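Enquirer: The residues making up each chain are set out below.
Protein chains: 2
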Amino acid sequence: MNIPRTSYPRIVIIGGGFAGIALARKLSKQEVQVVLLDRNNYHNFQPLLYQVSTGGLEPDSIAYPIRKILKNFPNFYFRLADVEFVDTENNELKTNIGTLSFDYLVVASGSETNYFGNSEIEKHSMAMKSIPQSLDLRSLILENFEDALLTSDLNERNALMNFVIVGGGPTGVELAGALAEIKKGILPKDYPDLDTRMAQINLVQSSDCLLKGMSAEASEKAEEFLEKLGVNVWKNVRVKSYDGTTATTNGDLTFKTETLVWAAGVQGAIIKGLDGEAFVTRGNRILVNAYNQINGFENIFAIGDIACLVSEEFPVGFPMMAQPAIQQGQQLGDNMLRLLEEKPMKPFKYKDKGSMATIGRNKAVVDMKNFKFQGVFAWYVWMFVHLFFLIGFRNRMVVFVNWVYNYIRFDREARLIIRPYKKKLKDTK
Amino acid sequence: MNIPRTSYPRIVIIGGGFAGIALARKLSKQEVQVVLLDRNNYHNFQPLLYQVSTGGLEPDSIAYPIRKILKNFPNFYFRLADVEFVDTENNELKTNIGTLSFDYLVVASGSETNYFGNSEIEKHSMAMKSIPQSLDLRSLILENFEDALLTSDLNERNALMNFVIVGGGPTGVELAGALAEIKKGILPKDYPDLDTRMAQINLVQSSDCLLKGMSAEASEKAEEFLEKLGVNVWKNVRVKSYDGTTATTNGDLTFKTETLVWAAGVQGAIIKGLDGEAFVTRGNRILVNAYNQINGFENIFAIGDIACLVSEEFPVGFPMMAQPAIQQGQQLGDNMLRLLEEKPMKPFKYKDKGSMATIGRNKAVVDMKNFKFQGVFAWYVWMFVHLFFLIGFRNRMVVFVNWVYNYIRFDREARLIIRPYKKKLKDTK
Numbered sequence: 374m375n376i377p378r379t380s381y382p383r384i385v386i387i388g389g390g391f392a393g394i395a396l397a398r399k400l401s402k403q404e405v406q407v408v409l410l411d412r413n414n415y416h417n418f419q420p421l422l423y424q425v426s427t428g429g430l431e432p433d434s435i436a437y438p439i440r441k442i443l444k445n446f447p448n449f450y451f452r453l454a455d456v457e458f459v460d461t462e463n464n465e466l467k468t469n470i471g472t473l474s475f476d477y478l479v480v481a482s483g484s485e486t487n488y489f490g491n492s493e494i495e496k497h498s499m500a501m502k503s504i505p506q507s508l509d510l511r512s513l514i515l516e517n518f519e520d521a522l523l524t525s526d527l528n529e530r531n532a533l534m535n536f537v538i539v540g541g542g543p544t545g546v547e548l549a550g551a552l553a554e555i556k557k558g559i560l561p562k563d564y565p566d567l568d569t570r571m572a573q574i575n576l577v578q579s580s581d582c583l584l585k586g587m588s589a590e591a592s593e594k595a596e597e598f599l600e601k602l603g604v605n606v607w608k609n610v611r612v613k614s615y616d617g618t619t620a621t622t623n624g625d626l627t628f629k630t631e632t633l634v635w636a637a638g639v640q641g642a643i644i645k646g647l648d649g650e651a652f653v654t655r656g657n658r659i660l661v662n663a664y665n666q667i668n669g670f671e672n673i674f675a676i677g678d679i680a681c682l683v684s685e686e687f688p689v690g691f692p693m694m695a696q697p698a699i700q701q702g703q704q705l706g707d708n709m710l711r712l713l714e715e716k717p718m719k720p721f722k723y724k725d726k727g728s729m730a731t732i733g734r735n736k737a738v739v740d741m742k743n744f745k746f747q748g749v750f751a752w753y754v755w756m757f758v759h760l761f762f763l764i765g766f767r768n769r770m771v772v773f774v775n776w777v778y779n780y781i782r783f784d785r786e787a788r789l790i791i792r793p794y795k796k797k798l799k800d801t802k
Numbered sequence: 374m375n376i377p378r379t380s381y382p383r384i385v386i387i388g389g390g391f392a393g394i395a396l397a398r399k400l401s402k403q404e405v406q407v408v409l410l411d412r413n414n415y416h417n418f419q420p421l422l423y424q425v426s427t428g429g430l431e432p433d434s435i436a437y438p439i440r441k442i443l444k445n446f447p448n449f450y451f452r453l454a455d456v457e458f459v460d461t462e463n464n465e466l467k468t469n470i471g472t473l474s475f476d477y478l479v480v481a482s483g484s485e486t487n488y489f490g491n492s493e494i495e496k497h498s499m500a501m502k503s504i505p506q507s508l509d510l511r512s513l514i515l516e517n518f519e520d521a522l523l524t525s526d527l528n529e530r531n532a533l534m535n536f537v538i539v540g541g542g543p544t545g546v547e548l549a550g551a552l553a554e555i556k557k558g559i560l561p562k563d564y565p566d567l568d569t570r571m572a573q574i575n576l577v578q579s580s581d582c583l584l585k586g587m588s589a590e591a592s593e594k595a596e597e598f599l600e601k602l603g604v605n606v607w608k609n610v611r612v613k614s615y616d617g618t619t620a621t622t623n624g625d626l627t628f629k630t631e632t633l634v635w636a637a638g639v640q641g642a643i644i645k646g647l648d649g650e651a652f653v654t655r656g657n658r659i660l661v662n663a664y665n666q667i668n669g670f671e672n673i674f675a676i677g678d679i680a681c682l683v684s685e686e687f688p689v690g691f692p693m694m695a696q697p698a699i700q701q702g703q704q705l706g707d708n709m710l711r712l713l714e715e716k717p718m719k720p721f722k723y724k725d726k727g728s729m730a731t732i733g734r735n736k737a738v739v740d741m742k743n744f745k746f747q748g749v750f751a752w753y754v755w756m757f758v759h760l761f762f763l764i765g766f767r768n769r770m771v772v773f774v775n776w777v778y779n780y781i782r783f784d785r786e787a788r789l790i791i792r793p794y795k796k797k798l799k800d801t802k
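Here the protein sequences line up with chains G and U, keeping their order. So the number in our numbering is just where the residue sits in the first sequence, counting from 1, plus 373. So the number in our numbering is just where the residue sits in the second sequence, counting from 1, plus 373.
Hints were generated in silico from the structure; no laboratory data involved. A quick note: this is a predicted structure, and the numbers were derived from the prediction, not measured. All C-beta atoms in this analysis are idealised placements derived from N, C-alpha and C, irrespective of residue type, glycine included.
Straight-line C-alpha distance at most 20 Å; calculated EDC-like pairs for lysine to aspartate or glutamate:
| # | chain 1 | residue 1 | chain 2 | residue 2 |
| --- | --- | --- | --- | --- |
| 1 | U | Lys-444 | G | Glu-516 |
| 2 | G | Lys-795 | U | Asp-455 |
| 3 | G | Lys-444 | U | Asp-568 |
| 4 | G | Lys-467 | U | Glu-519 |
| 5 | U | Lys-645 | U | Asp-455 |
| 6 | U | Lys-444 | G | Glu-519 |
| 7 | U | Lys-608 | U | Asp-625 |
| 8 | G | Lys-402 | G | Asp-707 |
| 9 | G | Lys-608 | G | Glu-590 |
Per the computed footprint, the stretches of chain G lying under chain U, defined by three or more beta-carbons under 8 Å from a beta-carbon of chain U, are:
| # | stretch |
| --- | --- |
| 10 | 443-453 |
| 11 | 785-794 |
Build the full structure now, drawing on both the sequences and the hints.
Expert: Structure representation (structure tokens):
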């Protein structure tokens with residue numbers, strides 16, 4: 374990779390997600406050379422992917438060109454690359470576009486869907502961890518209704534209109550809520566010649582409550598909201614297999630469905646060279662110390678979802694969410710500058726800013742440290758916070774226009790099958 | 374196709390472009406059953422496709438769900454289908470989702486890129502007739518710059534930054550202008566480590582003027598605007614071959630380029646069963662009479678790009694553009710209602726509303742019947758007219774927000790490679 378070596382130390386960041394971008398921003402305009410590698414040329418705002426899947430937003434509205442985020446930073450280099458191997462001995466990376474040496478390496482490669490080794494489910498289910506995946510899901514949902522019109526076989530039609538979402542975390546809950554609103558508000562108008570009341574939205578959760586990381590109030594209220602919207606919530610149920618048409622569970626329950634969304638787990642996106650036992654811990658994450666250093670190295674760090682930083686409060690690492698990632702990125706930025714000035718680094722300290730989830734129109738749950746609330750006000754807070762954290766004025770404006778429109782008109786207009794999704798031919802990551 | 378037969382006559386429309394939608398709207402709430410078939414579930418606003426390719430707009434902003442356009446029309450049926458054969462003898466269509474009988478058939482299948490039989494150019498060039506194609510072109514343009522960073526071979530780098538647009542009609546002119554603005558405004562910031570001045574935008578026109586259908590003033594001014602923006606305009610040049618890296622012309626001129634956009638011609642998108650000599654005329658269009666009836670049939674019509682309606686003013690048919698399509702759709706709607714009431718139909722009358730093209734920021738050319746103007750005012754008129762003709766309040770708002778933003782910030786933020794484009798593996802239409 375032809376990136377010139379300068380007198381500045383070179384810090385290579387793998388991944389332009391929340392953690393990587395937060396770190397790069399901290400390092401901008403400092404006396405360091407920063408090389409950021411990502412397999413996409415954009416940063417995407419994962420918490421809103423479900424709105425792309427359900428036609429509420431356009432993909433470009435929740436993504437932002439990485440080059441643009443850091444365009445005023447003179448020592449910043451971005452490369453569209455897939456990192457294949459971390460050579461920790463020689464301080465080098467092997468990528469699909471060549472080799473790159475580093476002085477400091479920060480792994481912020483994020484997470485990927487965890488199928489817990491079930492390759493059948495992996496093959497047949499839909500995931501929602503990236504923009505192409507979200508667009509595929511959007512296409513499939515819409516195609517299903519078009520196909521439902523064509524069949525006179527009632528079982529087939531029901532299977533096409535039966536949606537199973539596995540995983541009762543924020544992703545599953547928000548997707549289920551959005552689908553339920555589509556069922557109520559859009560389908561009857563779009564498909565007058567289809568009995569869309571037959572459409573079923575099932576949310577399957579393996580434990581006995583939704584939104585596990587949140588408060589009991591939030592969890593209960595979310596479930597209540599979902600049931601009001603007509604979502605079937607199945608608790609203490611585990612999906613065991615899915616062959617593309619039938620999902621079986623640990624009990625007698627089976628689902629006949631053409632669409633199973635797997636939101637039941639994530640795991641660290643490990644890179645070769647850091648996949649040894651010395652590094653990898655629970656959830657396929659890389660164990661780091663309080664300075665985000667990887668075991669045995671002074672100059673190699675991990676932040677965000679991929680990093681497992683064990684603390685008293687979080688004995689198995691911080692939740693794989695935006696806030697810990699952003700804060701680790703920011704604090705590591707400060708620490709690296711300290712390190713370069715040969716000052717001692719400060720251990721990572723997490724400031725819990727609370728968590729939230731939206732279930733639908735006027736329905737959200739918010740947990741803050743000393744204040745928990747649910748309902749309409751929570752929903753406004755949710756919207757405000759999400760608009761605030763989106764990168765870019767244009768994105769905020771466009772998302773805002775869409776949300777206002779969707780709210781007033783009970784509509785979601787971005788429901789185009791831009792590229793048909795061939796269920797058996799997954800080609801995107 | 375399980376569409377119930379009612380006492381109303383069934384009118385089947387093939388294609389949800391400008392013509393098909395205009396017709397369907399006219400027939401809404403009348404005592405007819407309308408079945409519209411399209412291979413996409415959306416209507417797209419073709420005149421703005423080049424802005425999707427160049428990162429100015431998001432795809433969903435210029436498209437609109439067909440079901441939504443006609444949602445309040447009780448006797449309207451939409452089906453996502455590819456029409457494979459028109460059986461004129463039995464008044465039936467064969468499609469990929471089954472057979473459909475009709476009482477009246479309106480072919481509004483539009484046009485497709487015309488490569489004039491050159492399969493090599495067809496294989497290696499990019500087209501811009503659909504949303505997926507426009508997104509592919511966007512991906513390729515951006516990928517080229519990412520690749521240009523990686524090579525130290527100067528010839529290769531130049532080929533990656535060399536863009537050849539074949540065809541000096543509105544599509545070619547508007548795309549060339551937009552690319553030139555990206556070169557000036559965005560590339561230097563996004564690629565500080567690349568000498569983006571080396572990027573070349575070439576517009577190749579086979580005749581001696583651009584925008585052939587427009588006035589001499591418009592044509593000259595467009596050329597002047599393009600040259601001001603740094604576009605190389607090549608007139609009286611025909612591209613003869615393109616193998617993916619080298620384009621040859623009728624003269625000594627050759628281009629080393631990784632990106633050749635073919636905007637040099639369109640032809641009717643003929644459907645089997647109507648492909649006989651009795652129907653097809655110049656430009657692969659179907660000859661129709663003044664009532665848009667296809668030769669030999671009382672109940673089969675063609676409108677829009679696919680229809681060749683010969684008049685004194687337009688001896689080879691109307692230009693393949695939005696205005697004639699919309700007007701033919703509307704007037705055929707009136708005629709069909711007359712036909713059903715057994716009143717005589719009225720011959721098609723074209724009302725020329727003028728034509729326009731934009732070249733870039735503050736630069737457009739407008740020809741109206743008695744009034745031709747170019748420059749800033751023309752540009753505002755262009756924007757206003759395009760916003761006005763877009764379908765849907767949300768689309769107008771979102772496009773407006775994007776345009777204001779792009780204007781103020783000299784930017785185009787929708788420059789994400791959502792799906793990488795593999796040059797040798799075209800999979801979209």
